[in-house]
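Asker: Just so you know, the sequences run in chain order A and B.
All residue numbers for the first sequence refer to the working numbering, where the first residue is 2 and numbers rise by one.
All residue numbers for the second sequence refer to the working numbering, where the first residue is 10 and numbers rise by one.
If you're looking for bench data, these hints aren't it; they were derived computationally from the structure.
Heads up, some of the hints might be wrong.
Covered by chain A, per the in silico footprint, the following chain B stretches (three or more residues, Cβ under 8 angstroms) [what the hints assert, rightly or not]:
1. 58-71
2. 101-109
3. 195-205
Partial selection, computed: residues in chain A whose CB lies under 10 angstroms from chain B [stated by the list, open to error]:
4. Glu20
5. Pro30
6. Leu89
7. Ser93
8. Ser167
9. Glu241
10. Leu263
11. Gly265
12. Tyr267
13. Ala268
14. Gly270
15. Ser301
With the Cβ distance kept under 8 angstroms, some of the chain A side facing chain B (calculated, not the full set) [to be verified]:
16. Val29
17. Tyr131
18. Arg168
19. Val169
20. Pro172
21. Leu233
22. Ser234
23. Lys302
24. Leu410
Where is the CB? At the ideal position from N, CA and C, for every residue including glycine.
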Amino acid sequence: MIDLIEVFDRAEVGPLISETDYYMKRYVPKLAEVIARHKVKWDKETIINTDDDLTDRVFQAAVDLLAEAGAYCPETNRVMQFTRDEILLACSQAPRSATFGEDRERKTMYGRRPDTTGDRPWVHVGGGIYTSDEQIFMDTVEKMASFNIVDSVSVPSILHLRGKDSRVRSPQEILAACKTVRLAREGIRRSGRAGLPIINGISAASQPASMFAATYPDFGLRPSDGFLIDFLSEMVVGYEALQKVAFYNSISANIGSTSTPLFGGYAGGAEGVAVTATCYMIMGNLIFRGTYHYNAPLHSKLHLSSTKPLIWAIAMSNAAIGRNMGYPMVNLPYLGGGSGTKQYHYEMACYMLAIVTSGGNVFSGHPAMAVQSDSLVPDDHKFHAEMGLAAAKLTRAEAEPIAQKIFPLFGDKLKDPDKGMTFQQVYDAKTKRIVNSEYQKAMDDVRSDLAGMGFAVPVL
Amino acid sequence: MGNETTHEQLKQSIIDQDENAVLEAVNKALADGMDPREVIDKGLLPGLNVIGEQFESEDIFLPELMQAALAFQSAMSVLEPAIKAAGGADEKKGTIVIGTVKGDLHSIGKNILKLLFETSGFEVHDLGIDVDLFKFIDKAGEVNADIIAISALLTTTLIGQRDVIDALKDQGTRDKYKVIVGGGATTQEWADTIGADGWSGSAYDAVVLVTKLVS
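The whole structure should be built from the sequences, with the hints applied where relevant.
Answerer: In structure tokens form, the structure reads like this:
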């Protein structure tokens with residue numbers, strides 16, 4: 002594989018082009034061309050694809066897209082170009098596993114293939130939802146980490162200092178990033194699982210300086226955690242991302258290459274999102290030297306990932322990489338329904354059935370449109386992890402008819418989703434036990450409904 | 010060939026996002042003596058309306074929207090001189106300054122909105138991403154804008170929207186402009202809190218909002 006300095010140099014030597022021309026003369030026409038060339042087509046009904054020939058064509062289309070369109074560096078206004086041979090070599094040398102955590106919590110996440118029913122996928126829970134209070138932040142992290150089926154956590158965001166939110170790129174943001182990590186480590190320690198990894202390092206940091214500061218040993222992010230480096234949609238590789246690549250490779254940290262292809266944006270519809278999402282996974286390894294990929298396609302208007310074409314596209318990208326590259330993947334589900342609602346749980350069940358059977362690891366979602374402060378409710382995430390582990394026992398063909406039964410239970414609600422609950426509304430402040438009977442009933446009802454549809458989700 | 014047939018050809022060329030066909034239809038309409046305003050109002054804009062509806066219903070996406078907008082802009086480069094030559098004045102619905110706040114590098118939502126504004130008959134000045142707050146204000150003064158549209162995707166950059174409004178108040182120019190905010194991290198509640206004139210959760214709704222504000 003070409004070395005890292007050579008990758009950085011590609012941002013200095015490629016063809017000069019404006020951003021608009023990159024999109025209109027390279028990315029958009031090339032994407033349409035490779036979709037047509039490889040006959041990538043969604044039938045507008047299927048949720049979980051089982052056609053492996055189509056899956057492999059999506060992978061080839063993604064390779065062709067990167068080889069022919071390249072990536073774009075806005076700081077140099079140049080196209081980063083890679084030959085097809087360089088891309089395929091990188092795919093063949095991509096990591097098949099990533100090891101996270103410390104001491105007895107040190108475990109390995111593997112790249113999975115579709116229809117692998119005999120393994121136990123990695124279980125990740127949490128999300129970067131804003132919290133209004135340090136105690137709620139600590140309680141949320143402690144409770145999530147205390148679930149013994151959990152292998153890693155994403156910690157919430159706590160941006161305020163002395164009652165004011167910190168501004169992007171400000172010195173306060175650096176302090177907020179450091180505070181977030183210190184509180185998160187303490188919350189994890191209180192759960193009795195001090196070595197548990199944080200793999201969304203970290204949502205409170207918008208700039209490399211904040212990320213680097215939080216990595217200082219006294220604050221607590223460690224190379225065995227996971228550090229997210231994102232592509233700015235679409236196909237953009239900015240200097241801030243490359244600065245993080247330089248630093249995290251220099252300390253041999255786990256890098257989560259992160260992408261958010263937009264349905265309805267430059268990537269177009271389901272086919273374009275499937276190919277572009279797959280392309281990002283290849284780029285994540287080749288350009289960012291990622292050890293795992295954090296895949297988060299999103300609807301450009303609804304700001305969620307649980308529409309039928311998006312679930313199809315996300316599952317497809319996991320299957321394409323699972324069959325052809327083996328790079329470990331987690332997928333961030335942005336869901337319409339608010340925390341604790343039936344809609345939210347049905348969306349998650351449909352998503353898990355599609356993604357986990359297609360080769361993704363387990364990652365609980367969080368509310369998108371209906372998000373509110375303090376709406377990271379840990380027991381939602383445990384339930385969703387249980388769904389993921391149950392889905393891992395199924396093949397795509399077994400999961401598809403169940404997903405088709407679940408989808409109508411939430412599909413029409415995505416534009417106007419049910420509002421959800423907050424941590425404070427669900428738990429007793431002292432005992433941290435669930436005291437909201439409506440919350441518990443919704444979860445129990447959904448578990449029962451899913452079992453009735455052939456998807457039993459045992460309590461673990 | 011009757012005017013209705015010409016209108017239909019103009020409309021269809023926009024729907025097809027075919028720049029060459031648009032220019033051919035526009036040049037032929039002008040050569041046949043059609044008023045350039047009629048070319049726009051009865052041919053091109055109805056085509057753009059269809060494009061807007063197709064975009065809203067997810068039959069087409071951003072690339073097709075951009076292609077139609079580029080074709081429309083090419084047509085306008087022919088039609089604007091023709092309108093001026095005929096002694097007419099430029100009839101824009103309004104002038105908009107748009108950008109993403111300082112510290113925020115996200116552009117796609119803002120770009121979609123810019124295209125919809127342009128294709129709805131507004132004059133748009135796009136300042137891009139990571140825009141200093143005084144650039145919004147200076148540009149608005151320079152082009153005598155009606156609207157300042159400010160995008161922010163990140164929670165940590167929201168504050169930049171408030172800064173623009175506060176700076177306008179400090180300068181005593183707040184009443185000169187309608188300020189609208191949008192982007193992934195924004196809500197109606199946030200818009201109300203900072204004293205914005207409007208908020209929209211989608212690009213299509215933002216066009217409706219701005220049309221109301223300028224009327």
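Asker: None of the hints should be skipped; say for each whether it holds.
Answerer: Hints and how they fare:
no. : hint    : verdict
1   : 58-71   : holds (count 3)
2   : 101-109 : violated (count 0)
3   : 195-205 : violated (count 0)
4   : Glu20   : holds (8 angstroms)
5   : Pro30   : holds (8 angstroms)
6   : Leu89   : violated (27 angstroms)
7   : Ser93   : violated (32 angstroms)
8   : Ser167  : holds (7 angstroms)
9   : Glu241  : holds (8 angstroms)
10  : Leu263  : holds (6 angstroms)
11  : Gly265  : holds (5 angstroms)
12  : Tyr267  : holds (5 angstroms)
13  : Ala268  : holds (8 angstroms)
14  : Gly270  : holds (6 angstroms)
15  : Ser301  : holds (7 angstroms)
16  : Val29   : holds (4 angstroms)
17  : Tyr131  : holds (6 angstroms)
18  : Arg168  : holds (5 angstroms)
19  : Val169  : holds (4 angstroms)
20  : Pro172  : violated (13 angstroms)
21  : Leu233  : holds (6 angstroms)
22  : Ser234  : holds (6 angstroms)
23  : Lys302  : holds (5 angstroms)
24  : Leu410  : violated (22 angstroms)
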